[in-house]
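J.: Read top to bottom, the protein sequences are chains A and B.
Once you know that position 166 of the first sequence is 166 in our numbering, the rest is easy, because the numbers rise by one and skip nothing.
Position in the second sequence (from 1) plus 1000 gives the number in our numbering.
By construction, these hints were calculated from the structure, which means they are not laboratory data.
The model shown is predicted, which means the values in this text are computed figures rather than measured ones.
Among the hints, erroneous ones may be present.
[Claimed, not checked] In silico contact screen, one side only, chain B against chain A (beta carbon under 7 angstroms); selected entries:
id	residue
1	E1055
2	E1073
3	Q1074
4	Y1230
5	K1237
6	Y1248
7	R1328
[Stated by the list, open to error] Here are the computed lysine to aspartate or glutamate pairs in the EDC-like style, where the Cα-Cα straight-line distance is at most 16 angstroms:
id	chain 1	residue 1	chain 2	residue 2
8	B	K1008	B	E1319
9	A	K84	B	D1229
10	A	K33	A	D100
11	A	K33	A	E327
12	A	K33	A	E90
13	A	K143	B	D1247
14	A	K143	A	D156
15	B	K1171	B	D1194
16	B	K1135	A	D107
17	B	K1004	B	E1319
18	A	K84	B	E1228
19	B	K1135	B	E1235
20	A	K143	B	E1235
21	A	K33	A	D97
22	B	K1056	B	D1068
23	B	K1135	A	E36
24	A	K84	A	D115
25	B	K1056	B	E1038
26	A	K84	B	E1235
27	A	K143	A	D115
28	A	K84	A	E36
From the three backbone atoms N, C-alpha and C, an ideal C-beta is built for every residue, glycine too.
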Amino acid sequence: MMMDTKAAGAQAGSRNATAAYDAASAKSVLQVKGLEVTYYTDLGRAKALDDVSFTLGAGEKLGMVGESGSGKSTMALAMMRMIKPPGRIEGGSVIVDGTDLMALDDDTMRRARLDKIAYIPQGAMNSLNPVTRIGAQMVDAIKSHMPREGRSAIMDRCMHALRSVDLDSGVFRMYAHELSGGMKQRVCIAIGILLEPKVIIADEPTSALDVVTQRQVMETIDRVQDQINAAVILIGHDMGLMAQFVDKVAVMYAGRLVEVASVREMFTDPKHPYSQALISSLPNLDNKGVFQGIPGLAPSLLRLPSGCAFHPRCPHAEELQRTVRPESVTLAGGRTVTCHLYAEEGQRHV
Amino acid sequence: MNFKIVVKRLLFFVLVVWAASTIVFFIPRLSSRNAIRERFGELARTGGFSPGDIEKMIASMQQQFGLDKPMLEQYWQYLGNISRLDFGYSLSKYPSTATEVIAQALPWTIGLLLVTTVVSFVLGTLLGAVAAWPKAPGWLRSLATPFILLTGVPPVIMGILLLFFIGFRLKWLPLGGAYSAGIVPTWSWSFFLDLMQHQILPALALIFGSVGGWVLSMRGMGITIQGEDYVNFAEHKGLTGGRIFRDYYLRNALLPQVTGLALALGTVITSAVIVEGIFGLPGIGTALNLAIRANDFPVIYGIVIFITIAIAALMTILEFVYPLLDPRIRAN
Chain A
1 MMMDTKAAGA QAGSRNATAA YDAASAKSVL QVKGLEVTYY TDLGRAKALD DVSFTLGAGE
61 KLGMVGESGS GKSTMALAMM RMIKPPGRIE GGSVIVDGTD LMALDDDTMR RARLDKIAYI
121 PQGAMNSLNP VTRIGAQMVD AIKSHMPREG RSAIMDRCMH ALRSVDLDSG VFRMYAHELS
181 GGMKQRVCIA IGILLEPKVI IADEPTSALD VVTQRQVMET IDRVQDQINA AVILIGHDMG
241 LMAQFVDKVA VMYAGRLVEV ASVREMFTDP KHPYSQALIS SLPNLDNKGV FQGIPGLAPS
301 LLRLPSGCAF HPRCPHAEEL QRTVRPESVT LAGGRTVTCH LYAEEGQRHV
Chain B
1001 MNFKIVVKRL LFFVLVVWAA STIVFFIPRL SSRNAIRERF GELARTGGFS PGDIEKMIAS
1061 MQQQFGLDKP MLEQYWQYLG NISRLDFGYS LSKYPSTATE VIAQALPWTI GLLLVTTVVS
1121 FVLGTLLGAV AAWPKAPGWL RSLATPFILL TGVPPVIMGI LLLFFIGFRL KWLPLGGAYS
1181 AGIVPTWSWS FFLDLMQHQI LPALALIFGS VGGWVLSMRG MGITIQGEDY VNFAEHKGLT
1241 GGRIFRDYYL RNALLPQVTG LALALGTVIT SAVIVEGIFG LPGIGTALNL AIRANDFPVI
1301 YGIVIFITIA IAALMTILEF VYPLLDPRIR AN
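The task is simple: from the sequences and hints, build the whole structure.
T.: Encoded structure:
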């Protein structure tokens, strides 16, 4: 969408917008542009990611929300270049700290994982090797990136990472089955920050934990992010948790980013009809017990609706929405939305 | 691992051996056949003995083997003898003891079975692991296929086919026996080479028959393990493929294989009986075969109990090894 913005800006002859964009990209540590992933299944092609673009600055936290199957985890895997067949990354770029990950050869990409961009897995319960000690799993991660690192330097790194996530140094000598769920998740975070990456993707880091532990884990992520000043992408369903911890919220629907806004804007003034429905489905103190669901079901990626993929469930759907695919537009304050309703408003702000 | 568990395992080992020897004691006694009477019956047919003398000789032999005593007393004595590995005299190779017959046959079987079992376990496990690993080169992955096909061929047929084509038609290797006829066993290179030439075909028959099984179970396990979160996370950590394969994938997929190894040890003896028969090797299988034909009860007892002890001992050893491979077992 930044590309679009730039093009539109040039057309309008607005030098200011272009300059603002350049300034933003200069301090941003992560730029994702036009990322596309397709799964070639027996039933047909499923476009799991469609032209996903966003930027993130150092120290910023982005919450990525959306229904199951909307492409949140696919996006995380695509950024790590870990999409497995029958999936394929069809295009786009992921620029971390000036390096386009999509252009790297396989071995350089392997070394970029954890070093530049780290992934904290969804199923922390089973993400640790059950037959080797936690320490061994931290040491091998460091060694595969720094083969010449000395023993004591490696140990320092491990101990520092364990301290950062509030774990006792004794965990180093333990096995996964000796740890609680929250401890395992924190070990995964510790492994994620071993090499102080620029970008951390946490894929539903709290999904299998109780609420108290959820909060502890989120606070841990918050703290380690401050220490290493990384950009964090937090993937999850829990809007409440998001509201407390992230700076920006991105809403995904059927493989597209339909809205990206600051957390305040998103919760007080959501623009996209889907975001509006999401926010109004949340319980709040004013109308207890009256929850509003979103009518309809998430569409199958194999047979996406024409035009705007959300139109069958959208209260504003008309001929335009049914036939023309909306483009992403930038609104006042730099927030973006992919909806026909804001096309004109977007033009004014570019 | 604490002391209590060790004692528990050892007691279990004793229990298994006791149960097996009790079954072995009572089953032949349920039959009405009398080995001594049958032997003397054969003698009587050749003539020259009066029926009264035969009866006297049978009675004296019965006494000598303790078969005239009450069943329970025989049983106690038998248990005592087993604990000293004393199975009495061989009936067919008198005056050799059954233990001596077994001791002569044992090295042949251990040599062949140990080597072939270890080779097929290692080969089958590695081939299976590679066959399930998507990043392995295609030619390496396809190596497993012929072995899977060979699993369907029983060792008997495999042994005969090998003998016919390699031994008889091509004359590359000897047709049978433990070593060439007319050679006196010595500790020399030439004897060792001769010995090895005779072992190749039986070893191949056993290996071809069992590698496929290991390949199949390991491949199945490998496919399960490579979908595990910890293998994925290892890749996210940026580890090299070799390290993920060894420490995350192979190490975990190996655990059920080791259990399988313990279970396979029992069936390995069965195929040894057949293969030794085909290739004329003087091992336990052949000794058992001869003993059964000659109604040589003490040797049959001895071999069966010996096999029981050996398998129970190996299982106990594996039980002690398993916690070293899987820390989760150690905890419980």
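J.: For every hint, state whether the structure bears it out.
T.: Here is what the structure says about each hint:
1. E1055: violated, 68 angstroms
2. E1073: violated, 53 angstroms
3. Q1074: violated, 50 angstroms
4. Y1230: The hint holds - Y1230 (chain B) has a Cβ within 7 angstroms of chain A, the shortest such distance being about 5 angstroms.
5. K1237: holds, 4 angstroms
6. Y1248: holds, 5 angstroms
7. R1328: holds, 5 angstroms
8. B:K1008 / B:E1319: holds, 11 angstroms
9. A:K84 / B:D1229: At roughly 14 angstroms apart (the allowed maximum being 16 angstroms), D1229 (chain B) and K84 (chain A) satisfy the hint.
10. A:K33 / A:D100: holds, 10 angstroms
11. A:K33 / A:E327: holds, 14 angstroms
12. A:K33 / A:E90: holds, 12 angstroms
13. A:K143 / B:D1247: holds, 14 angstroms
14. A:K143 / A:D156: Holds, at roughly 13 angstroms.
15. B:K1171 / B:D1194: holds, 15 angstroms
16. B:K1135 / A:D107: holds, 14 angstroms
17. B:K1004 / B:E1319: With a Cα-Cα distance of about 14 angstroms, the restraint between K1004 (chain B) and E1319 (chain B) holds, given a limit of 16 angstroms.
18. A:K84 / B:E1228: holds, 14 angstroms
19. B:K1135 / B:E1235: Satisfied, since the Cα-Cα distance of roughly 12 angstroms is no more than 16 angstroms.
20. A:K143 / B:E1235: The hint holds at about 14 angstroms.
21. A:K33 / A:D97: Given pair K33 (chain A), D97 (chain A) holds - Cα atoms ~14 angstroms apart, limit 16 angstroms.
22. B:K1056 / B:D1068: The hint holds at about 13 angstroms.
23. B:K1135 / A:E36: violated, 24 angstroms
24. A:K84 / A:D115: Answer violated: K84 (chain A) to D115 (chain A) is near 21 angstroms, above 16 angstroms.
25. B:K1056 / B:E1038: Holds: K1056 (chain B) and E1038 (chain B) sit about 14 angstroms apart, inside 16 angstroms.
26. A:K84 / B:E1235: Judged against 16 angstroms, a Cα distance of about 12 angstroms means the pair holds.
27. A:K143 / A:D115: holds, 12 angstroms
28. A:K84 / A:E36: holds, 14 angstroms
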